[in-house]
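Trainee: Sequence:
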Amino acid sequence: MSRFRLHAHQYAIILVMLAAFGLVTFLYYKSETVDYRDHERFVTELGLIQAADARLNEYVLRLRSGTLANVDPLNRDLESLRLSLDALADSPTFLRQAGLAAVGKQLRALRELLKRKEALVERFKAENANLQTSLSYFPVLVRQIIERAEPKAGASDLVQSLYGLLRDVLLFNLNNEQTMEAELYARVLSLESHQADYEGLVSPRTLENALVQARTILKIKPAVDGLVEELIGLPAPEYAERLAQAYNRYYEYALRTTNFYRLWLYIACVVLLLYVAWLIIRHLERRVAMATAQVEGYNERLKRQLRDLQAMGAVSLTVSSVMDVEKVLDTIMDLSKEVMGAEAGSLLLLDDTGDKLRFHVAKGSAADTLKNVTVEMGQGMVGHVAATGRPLLVKDAYQDNRFDPSYDRLSGFQTRSMMTVPLRAKEQERVIGVLQVINKRHLPYFDEYDLHLFESFAAQASVALENARLYARTKAIAEDLRATLERERNLTIEKEKMGKFIPKDVVDEISRNREKQLALGGRTICASVLFSDIKGFTRLSETLDPHEVVRFLNVYMTAMTEIIEEEGGIVDKFIGDGIMAVFTDRRDRDHALRAARAGVCMQRKLGELRDQWQASQPEVCGLQMRVGINTGMVVAGNIGSQTRMDYTVVGDNVNVASRIEGACQPGMVYVSAATQEDIGDRLEAIRMDPIQVKNRVQPVHIYAISAEEGRARR
Numbered sequence: 001m002s003r004f005r006l007h008a009h010q011y012a013i014i015l016v017m018l019a020a021f022g023l024v025t026f027l028y029y030k031s032e033t034v035d036y037r038d039h040e041r042f043v044t045e046l047g048l049i050q051a052a053d054a055r056l057n058e059y060v061l062r063l064r065s066g067t068l069a070n071v072d073p074l075n076r077d078l079e080s081l082r083l084s085l086d087a088l089a090d091s092p093t094f095l096r097q098a099g100l101a102a103v104g105k106q107l108r109a110l111r112e113l114l115k116r117k118e119a120l121v122e123r124f125k126a127e128n129a130n131l132q133t134s135l136s137y138f139p140v141l142v143r144q145i146i147e148r149a150e151p152k153a154g155a156s157d158l159v160q161s162l163y164g165l166l167r168d169v170l171l172f173n174l175n176n177e178q179t180m181e182a183e184l185y186a187r188v189l190s191l192e193s194h195q196a197d198y199e200g201l202v203s204p205r206t207l208e209n210a211l212v213q214a215r216t217i218l219k220i221k222p223a224v225d226g227l228v229e230e231l232i233g234l235p236a237p238e239y240a241e242r243l244a245q246a247y248n249r250y251y252e253y254a255l256r257t258t259n260f261y262r263l264w265l266y267i268a269c270v271v272l273l274l275y276v277a278w279l280i281i282r283h284l285e286r287r288v289a290m291a292t293a294q295v296e297g298y299n300e301r302l303k304r305q306l307r308d309l310q311a312m313g314a315v316s317l318t319v320s321s322v323m324d325v326e327k328v329l330d331t332i333m334d335l336s337k338e339v340m341g342a343e344a345g346s347l348l349l350l351d352d353t354g355d356k357l358r359f360h361v362a363k364g365s366a367a368d369t370l371k372n373v374t375v376e377m378g379q380g381m382v383g384h385v386a387a388t389g390r391p392l393l394v395k396d397a398y399q400d401n402r403f404d405p406s407y408d409r410l411s412g413f414q415t416r417s418m419m420t421v422p423l424r425a426k427e428q429e430r431v432i433g434v435l436q437v438i439n440k441r442h443l444p445y446f447d448e449y450d451l452h453l454f455e456s457f458a459a460q461a462s463v464a465l466e467n468a469r470l471y472a473r474t475k476a477i478a479e480d481l482r483a484t485l486e487r488e489r490n491l492t493i494e495k496e497k498m499g500k501f502i503p504k505d506v507v508d509e510i511s512r513n514r515e516k517q518l519a520l521g522g523r524t525i526c527a528s529v530l531f532s533d534i535k536g537f538t539r540l541s542e543t544l545d546p547h548e549v550v551r552f553l554n555v556y557m558t559a560m561t562e563i564i565e566e567e568g569g570i571v572d573k574f575i576g577d578g579i580m581a582v583f584t585d586r587r588d589r590d591h592a593l594r595a596a597r598a599g600v601c602m603q604r605k606l607g608e609l610r611d612q613w614q615a616s617q618p619e620v621c622g623l624q625m626r627v628g629i630n631t632g633m634v635v636a637g638n639i640g641s642q643t644r645m646d647y648t649v650v651g652d653n654v655n656v657a658s659r660i661e662g663a664c665q666p667g668m669v670y671v672s673a674a675t676q677e678d679i680g681d682r683l684e685a686i687r688m689d690p691i692q693v694k695n696r697v698q699p700v701h702i703y704a705i706s707a708e709e710g711r712a713r714r
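Residue numbers (the working numbering): 1 to 714.
Since the hints were derived computationally from the structure, they do not count as laboratory data.
Predicted model only: the values in this text are computed from it and were never measured.
Heads up, a few of these hints could be off.
Under the rule of at most 30 Å between Cα atoms (straight-line distance), these lysine-lysine pairs were calculated in the DSS-like manner [to be verified]:
| id | residue 1 | residue 2 |
| --- | --- | --- |
| 1 | Lys327 | Lys475 |
| 2 | Lys356 | Lys395 |
| 3 | Lys356 | Lys327 |
| 4 | Lys535 | Lys440 |
| 5 | Lys573 | Lys605 |
| 6 | Lys219 | Lys327 |
| 7 | Lys105 | Lys152 |
| 8 | Lys363 | Lys395 |
| 9 | Lys303 | Lys363 |
| 10 | Lys125 | Lys152 |
| 11 | Lys105 | Lys115 |
| 12 | Lys395 | Lys303 |
| 13 | Lys573 | Lys535 |
| 14 | Lys337 | Lys303 |
| 15 | Lys535 | Lys475 |
| 16 | Lys356 | Lys219 |
| 17 | Lys337 | Lys219 |
| 18 | Lys303 | Lys219 |
| 19 | Lys395 | Lys535 |
| 20 | Lys337 | Lys356 |
| 21 | Lys337 | Lys327 |
| 22 | Lys125 | Lys115 |
| 23 | Lys535 | Lys356 |
| 24 | Lys475 | Lys395 |
| 25 | Lys363 | Lys337 |
| 26 | Lys475 | Lys440 |
| 27 | Lys356 | Lys440 |
| 28 | Lys573 | Lys694 |
| 29 | Lys395 | Lys337 |
The following label-pair restraints were derived from C-beta to C-beta distances [stated by the list, open to error]:
| id | residue 1 | residue 2 | range |
| --- | --- | --- | --- |
| 30 | Arg589 | Leu544 | 40 to 50 Å |
| 31 | Ala98 | Ala119 | 57 to 67 Å |
| 32 | Thr93 | Val271 | 28 to 38 Å |
| 33 | Glu199 | Gln160 | 16 to 26 Å |
| 34 | Tyr449 | Val276 | 43 to 53 Å |
| 35 | Arg96 | Met290 | 34 to 44 Å |
| 36 | Tyr449 | Gln399 | 18 to 28 Å |
| 37 | Arg96 | Pro73 | 21 to 31 Å |
| 38 | Val24 | Leu100 | 25 to 35 Å |
Think of the CB as a built atom: it goes at the ideal place given N, C-alpha and C, for glycine as much as any other residue.
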């Protein structure tokens, strides 16, 4: 019986759905009766007729006034009118019988009117063509007669009459005064009556032609103006407006009918959809009611497990992402309080002695009162857990003898229940701290499941804490190692540089007690200091690509360094495109001569580089170098800090060498008097004007050594 009722219900639903489908189909058919494209076509064609009629009137007026050169635009608009009328004959079918009859009646009236207008236009074109011909030919004939008659005696009356006739004919063409027409006829008759008197002045045939053209203008002009008035006065716009009104009346009726059926179509569709939705919802409600009882039993457990898994995931993320110890501790406490749903919580760590626990993080309303508070091992709940290494669950704190109420009195907090678990080191399984949460929110106490979860949480927190501590120790060791390696590297570099400034036995002595010796300062030595700089390099670096500038500097610095080292000098430093080099005593004790030779060779080498790069880099062709050298006592020693030292030379003679280079002419090598004295006659030199050096009272005497000089005698 139940199966039969189920089938009957299904049949009823099918019948309702079929009826609804039939109704929707009928309404859809009725709602699609208006063909909007056909409507747009009809309205567009009607608009084209109105526009073409307006342009037709405009072209007629322009042809009459002579501002339109030909009748082609007129013919095009006539053809456009014919085509649009033919298109309107195919009226939209949605107008029904009455609408088609009304629109057809107005369309026939408009067609007859436009046919009449077309006939008038054809007559106008013919008459206006004759009028325009006479208006063009008449002035030409008058001008010919006047030009032939003017030189002859007795022609003044004829000339004045013709001028007056020409003026009046042209004025007559521009207005419609009847009195003017009578005056013109009188003038023409007067000239005709005196035609015999003018035979000796002009050709009778020419005069006769001129008078014929004047009569033609007087005859045709009123007829043409009448045609223009009749054309302009035809009520084509009114007929077109009547047609539009008749069409719009029946179109709006059809549109209202369509919208009516469309509204009912929408209503039917909505009702059908609501019915289908009701059937679906009813079916789903039965299914949901069956499953709800089962789902509700698992829902709370799943929510709790999901929250716990998310918390464990957050702890794992903390283990892998946070390496700062304080941040790790704070994050652990925040997560433990959130996961366990506790009102307050605290994290305590063993101090260095391992005898006391210290509050590192406390969360809750009274957290500030627990800062810097210590707990003895075995004292209270946290001391008991730290001493035994076993977790502790207390549902009623004041009923447990291990609870110390002094902390509540200190903080003003009321403890109900609590959980306390140990934090263990991963390797030794030793206790490193204690994690505690107090008072379960919305519940009277914590349960065994909470304790199990809290232990898992504490295990993850211990890993995070140990990793953060290990990272901090590793980072500190790495920093110490990096600083040690940096000192070793600096000491090695300085030892190599010192070997070129001071004797080997001194270097060995410093190596045996290097840090102490290097910290003592410098030694005074006699040396020649060379400074060089490229003139125009800044402008060159602005025009060249940065990669090309780097390539040029590398080639240039390599070549100059080789020359300096070949002459026994050392490159102290590179200053942009400038070089500072130091030459000290060797066995030959001629560092001044070697410095001067190096300067000459550097100038020659720059010339060779310019020649090599002339084809690929023409910008470097104008580069020139200045070289300045000074000889005297300088201090060689470490300059810098304990972590970064540079072994170099300093002193007034170094500054003088730099000033000499700044005063040097491009392409030259300038040396001081002290340097020239050591060189002697081994290089040819020219004495230059002294230069004034800052912080020196006496000027510095300088000598120029040309880069074109050959190598000095050894």
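Trainee: Work down the list of hints and note, for each, if the structure agrees.
Mentor: Do the hints match the structure? See the list:
1. With a C-alpha separation of about 16 Å, the suggested pair Lys327 and Lys475 falls inside the 30 Å cut-off, and the hint holds.
2. As the CA atoms of Lys356 and Lys395 are separated by approximately 26 Å, the hinted pair is consistent with the 30 Å bound.
3. A hinted pair counts as satisfied when its Cα atoms are at most 30 Å apart, and Lys356 with Lys327 qualifies at roughly 22 Å.
4. This hinted pair does not check out: Lys535 and Lys440 have alpha carbons roughly 81 Å apart, beyond 30 Å.
5. A distance of roughly 20 Å separates the Cα atoms of Lys573 and Lys605; the hinted pair therefore holds under the 30 Å criterion.
6. Distance check on the hinted pair: Lys219 and Lys327 sit about 114 Å apart at the alpha-carbon level, beyond 30 Å; violated.
7. A hinted pair counts as satisfied when its Cα atoms are at most 30 Å apart, and Lys105 with Lys152 does not qualify at roughly 71 Å.
8. Our distance criterion of 30 Å between C-alpha atoms is met by Lys363 and Lys395, whose separation comes to about 20 Å.
9. A distance of roughly 25 Å separates the Cα atoms of Lys303 and Lys363; the hinted pair therefore holds under the 30 Å criterion.
10. Taking the CA atoms of Lys125 and Lys152, the gap is near 42 Å; set against the 30 Å cutoff, the hint is violated.
11. Straight-line distance between C-alpha atoms of Lys105 and Lys115 comes to about 16 Å, which keeps the hinted pair within the 30 Å bound.
12. Simply put, Lys395 and Lys303 have alpha-carbon atoms about 24 Å apart, close enough for the 30 Å limit, and the pair holds.
13. At most 30 Å may separate the alpha-carbon atoms for a hinted pair to count; Lys573 and Lys535 meet this at roughly 19 Å.
14. Restraint check for Lys337 and Lys303: satisfied, since their Cα atoms lie roughly 18 Å apart, inside the 30 Å limit.
15. Among the hinted pairs, Lys535 with Lys475 is inconsistent with the structure: their alpha-carbon atoms are about 48 Å apart, more than 30 Å.
16. For a cut-off of 30 Å, the pair hint linking Lys356 to Lys219 is broken: about 135 Å separates their Cα positions.
17. A C-alpha spacing of about 116 Å is found between Lys337 and Lys219, which places the hinted pair above 30 Å, so the restraint is violated.
18. With a CA separation close to 109 Å, the supplied pair Lys303 and Lys219 exceeds the 30 Å bound.
19. A C-alpha spacing of about 88 Å is found between Lys395 and Lys535, which places the hinted pair above 30 Å, so the restraint is violated.
20. Taking the CA atoms of Lys337 and Lys356, the gap is about 24 Å. The hint holds against a cut of 30 Å.
21. At most 30 Å may separate the alpha-carbon atoms for a hinted pair to count; Lys337 and Lys327 meet this at roughly 16 Å.
22. Under the criterion of a C-alpha separation no larger than 30 Å, the hint pairing Lys125 with Lys115 is consistent with the structure, at around 15 Å.
23. Note on Lys535 and Lys356: the hinted pairing is violated, with a Cα-Cα distance of about 73 Å set against a maximum of 30 Å.
24. At roughly 43 Å between alpha-carbon atoms, Lys475 and Lys395 are farther apart than 30 Å, so this suggested pair is violated.
25. Straight-line distance between C-alpha atoms of Lys363 and Lys337 comes to about 8 Å, which keeps the hinted pair within the 30 Å bound.
26. Taken as a hint, the Lys475 and Lys440 pair is broken in the structure, with Cα atoms around 40 Å apart against an allowance of 30 Å.
27. Using a Cα cut-off of 30 Å, the hinted pair Lys356 and Lys440 holds, with the two alpha carbons roughly 28 Å apart.
28. Taken as a hint, the Lys573 and Lys694 pair is honoured in the structure, with Cα atoms around 23 Å apart against an allowance of 30 Å.
29. The suggested pairing of Lys395 with Lys337 holds, with an alpha-carbon distance near 17 Å, which does not exceed 30 Å.
30. Restraint check, Arg589 to Leu544: a C-beta distance of roughly 43 Å satisfies the suggested window 40 to 50 Å.
31. Remark: the range hint 57 to 67 Å for Ala98 to Ala119 is contradicted by a beta-carbon distance near 33 Å.
32. Judged by the Cβ atoms, the range 28 to 38 Å given for Thr93 and Val271 holds: they are separated by roughly 31 Å.
33. Between Glu199 and Gln160 the beta carbon distance is about 18 Å. The supplied range of 16 to 26 Å therefore holds.
34. Under the hint 43 to 53 Å, the C-beta atoms of Tyr449 and Val276, about 47 Å apart, fit the expected range.
35. Against the hinted window of 34 to 44 Å, the Cβ-Cβ separation of Arg96 and Met290 comes to about 58 Å, which falls outside the hint.
36. A beta carbon spacing of about 22 Å between Tyr449 and Gln399 agrees with the range 18 to 28 Å that was offered as a hint.
37. Our hint of 21 to 31 Å for Arg96 and Pro73 is violated, since their Cβ atoms are close to 39 Å apart.
38. Remark: the range hint 25 to 35 Å for Val24 to Leu100 is upheld by a beta-carbon distance near 30 Å.
In this structure, the hints that do not hold are numbers 4, 6, 7, 10, 15, 16, 17, 18, 19, 23, 24, 26, 31, 35, 37, in rising order.
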